[in-house]
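S.K.: All chains should be built: construct the whole structure from the sequences, respecting the hints.
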Amino acid sequence: MDILKLLADLAETPTDLTQLASRRAALDGLRRVGAKTIAAALPLSLAALPSQAGDTRTVLDSLQLAVRLEQLQNAFYSRALTSAAGFFPADANFRSSIVKMQAHQQQHVALLTRIISSSNGDTPTLPNYDFTGSKNNTQASLFPNVFSNFDEFLRLAQLLEDTSVRAYKAIVEFLVQDNYTLQTALQLHSTEARHAARIRTMRRLRGAVVKPWPSPTDADITIAGRTAVVYATEHATTQLLPAPANTPIPFRLLPIGSGANLLTQSVPEAFDEPLAAAEVELIMGLFTY
Amino acid sequence: MSNNLIKGSDEAEFAKPLYVPIKRRSFFMYAGATAGATALLLSGCDDDDSGGSNSNSVSLGSGDVGVLNYAYALEQLEAAFYAQVIATPYTGITTDERTALTAISKHEAIHRDFFKAAITAAAPTQIIPGLTPDFSKINFADRTQVLTAAKTFEDLGVGAYNGAGALIQSGTYLLLAGKIVSVEARHAAYIRDLLTPGSFSGSDVVNAAGLDQALPVATVLAAAQTYIKETINGDNVGK
Chain A
1 MDILKLLADL AETPTDLTQL ASRRAALDGL RRVGAKTIAA ALPLSLAALP SQAGDTRTVL
61 DSLQLAVRLE QLQNAFYSRA LTSAAGFFPA DANFRSSIVK MQAHQQQHVA LLTRIISSSN
121 GDTPTLPNYD FTGSKNNTQA SLFPNVFSNF DEFLRLAQLL EDTSVRAYKA IVEFLVQDNY
181 TLQTALQLHS TEARHAARIR TMRRLRGAVV KPWPSPTDAD ITIAGRTAVV YATEHATTQL
241 LPAPANTPIP FRLLPIGSGA NLLTQSVPEA FDEPLAAAEV ELIMGLFTY
Chain B
1 MSNNLIKGSD EAEFAKPLYV PIKRRSFFMY AGATAGATAL LLSGCDDDDS GGSNSNSVSL
61 GSGDVGVLNY AYALEQLEAA FYAQVIATPY TGITTDERTA LTAISKHEAI HRDFFKAAIT
121 AAAPTQIIPG LTPDFSKINF ADRTQVLTAA KTFEDLGVGA YNGAGALIQS GTYLLLAGKI
181 VSVEARHAAY IRDLLTPGSF SGSDVVNAAG LDQALPVATV LAAAQTYIKE TINGDNVGK
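One line per chain: the protein sequences are A and B, in this order. For the first sequence, UniProt numbering gives the first residue as 1, with consecutive numbering after it. For the second sequence, UniProt numbering gives the first residue as 1, with consecutive numbering after it.
Note that these hints are calculated values from the structure, not bench results. Take the hints with a grain of salt, since some may be wrong.
As the list claims (entries may be wrong) - Computed from the model, here is a short list of chain B residues facing chain A with C-beta under 7 Å: (1) N162; (2) G178; (3) F200; (4) G210.
To be verified - Far from chain B, by Cβ distances over 12 Å, these chain A residues were calculated: (5) L81; (6) A85; (7) G86; (8) L126; (9) N128; (10) F147; (11) E152; (12) I223; (13) A232.
No residue lacks a Cβ here, since even glycine has one placed at the ideal position from N, Cα and C.
M.R.: As C-alpha cells, then:
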C-alpha cells in the first residue's frame, strides 16, 4: 500500500456526502489497514492511537459496529410505534418524541450504510431481535413487557441510548485519523446524547428518579451481570490530566472546588465515559439471536 | 529584462502556497517526505500571532492548544451565564428547574476548570486569560429569555465541539472533548424540552441525515462574541 498516496487522498476532506465517491479509493485502503499498521508505516510517532492499544480493528469495523447499533435502535423504536393503542401515554409529546428518534435512527442507518458501501465494505445483515431479552424464549426475559408497559420500554430505551452515546465516544477516539468520518461520528454521537436526555426526561416526568445526564443519584435500572455493563465506569469521580502529567485534576482546589457532592456527584455527571466495543457487543447480544 | 520583473499579481500567486494552511494529514505526508521537508515544514508552521496590540483582544493560539483555548473560552462563557442564572433566578422558577440549572452550572464550571488545568499543564504561557462576559442583552428575570439564551449557548457549544473535533491532532484531547460534548448535548436537549416539550433534537439543529450541527470556528466565535467583552481571535485554532 502506498502510504503517502493514501495520506494524500485522505487529506482531501469533503464536507458533504456528494463527495463520497471521490473517497472510494482512499477508504478502500482503510478496509485492510488497521490502526497499528498505519502507525507502523507513518514516519511520525502518533500520540493519537486509541487507548485500546491492543485493538487491531479497522476504521471499517468501527463503522460496522455503529451501524449495527443503529439498526438495533431503529428496530426497537419501529416496533414500539406499532404497539397496541394505549401503549403510549395520553400526552402526544411522548409518542412524537419516539417518532422523531426512530426517524433519526433510520437516517443514521442509511448514512452509515452509504459510508461503508463507499469504501467497498459490507453492511451487516440484520439479525433477529428480541427486545424482551429472552432470545426468542430460550432464556428468562429481562424486559417481559417491553412493548406493553411504557415505563419498561423507556427503561430499555434509556439503556440503549446511553450505550449508543458511550459506543460512539469510543469510536470517535478510533477515528482520529480520518477527519470526515470523525466529524460524522461526532455529529451522530451528540444526536444520540439528545435522545438519551429526552428519554431520561420522559422517565422523570413519569416519576422515575433520574436526571437528563447519567448521575450516581439515578435509581439503578440495571441487572447485575446482564445490563449493568451499560453504566460500568460511567460514574468516574476523577478525571486525569493528559500525558505526561497523568495526574488527577484537583477539582477541590480549583475555583469550582466548594460545594457539597462536588466530587461524588457533579464531577461524575459532567463527563460521559466511553464504552469499548466488547462491552457494546455484550449489550447488543442480549437482544439479538 | 522585463521577463524577470515579477508583477504584483504574480508575486501574490507565487506566495499563495506558503500561506495556505496545510491540513493536518497533508502535514504528515510532507513531514515524512525527505525532499524539501524542511521548507514545507516551515511553510506549514503559522506562528503568526495576529492577536494584535489591542489590549482588549485575545488570541486563542494555534494547533491543539488553540482548540483547548477555544473550548475554554466557550466554557467560561457558559459557566458565567449559569452562575448568573442561579444567582438571580427567573421569575417563576420551579424547584425542579432550579435543581437542574444548578447542576448544569456546576457541570459548566467543572468543564471550565478542567480546560484551565489541562492548558496550564500543557502550555502554561499560552492559556487565555479570564474573559469578561456581557449579558446585558438578557433579562435574567424572564424565563423565556433565560432558557432561550441557555439553549443558544448549549447548541452553540455542541456545534463548536463537533466542528472542532477534526482540528484536534491528539487522540487524548479528542477523547476528552468527546466526554464533554455529549453532556452539553444532554443539557441542550433538556433546556429545549423545558421551552417546548419534544424539541430536544429539532430540525434547526439535527438535519435530514440525522446529524447534529458541526460548526466552523468562525461561525461559533461570531455568535459568542456578542456576549464577550474581549475580541476573540480564533484564526489559527487547529492550524
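S.K.: Against each hint, give a clear statement of whether it holds in the structure.
M.R.: Outcome of the hint check:
{"no.": "1", "hint": "N162", "verdict": "holds (4 Å)"}
{"no.": "2", "hint": "G178", "verdict": "holds (5 Å)"}
{"no.": "3", "hint": "F200", "verdict": "holds (4 Å)"}
{"no.": "4", "hint": "G210", "verdict": "holds (3 Å)"}
{"no.": "5", "hint": "L81", "verdict": "holds (15 Å)"}
{"no.": "6", "hint": "A85", "verdict": "holds (20 Å)"}
{"no.": "7", "hint": "G86", "verdict": "holds (20 Å)"}
{"no.": "8", "hint": "L126", "verdict": "holds (18 Å)"}
{"no.": "9", "hint": "N128", "verdict": "holds (25 Å)"}
{"no.": "10", "hint": "F147", "verdict": "holds (21 Å)"}
{"no.": "11", "hint": "E152", "verdict": "holds (21 Å)"}
{"no.": "12", "hint": "I223", "verdict": "holds (24 Å)"}
{"no.": "13", "hint": "A232", "verdict": "holds (15 Å)"}
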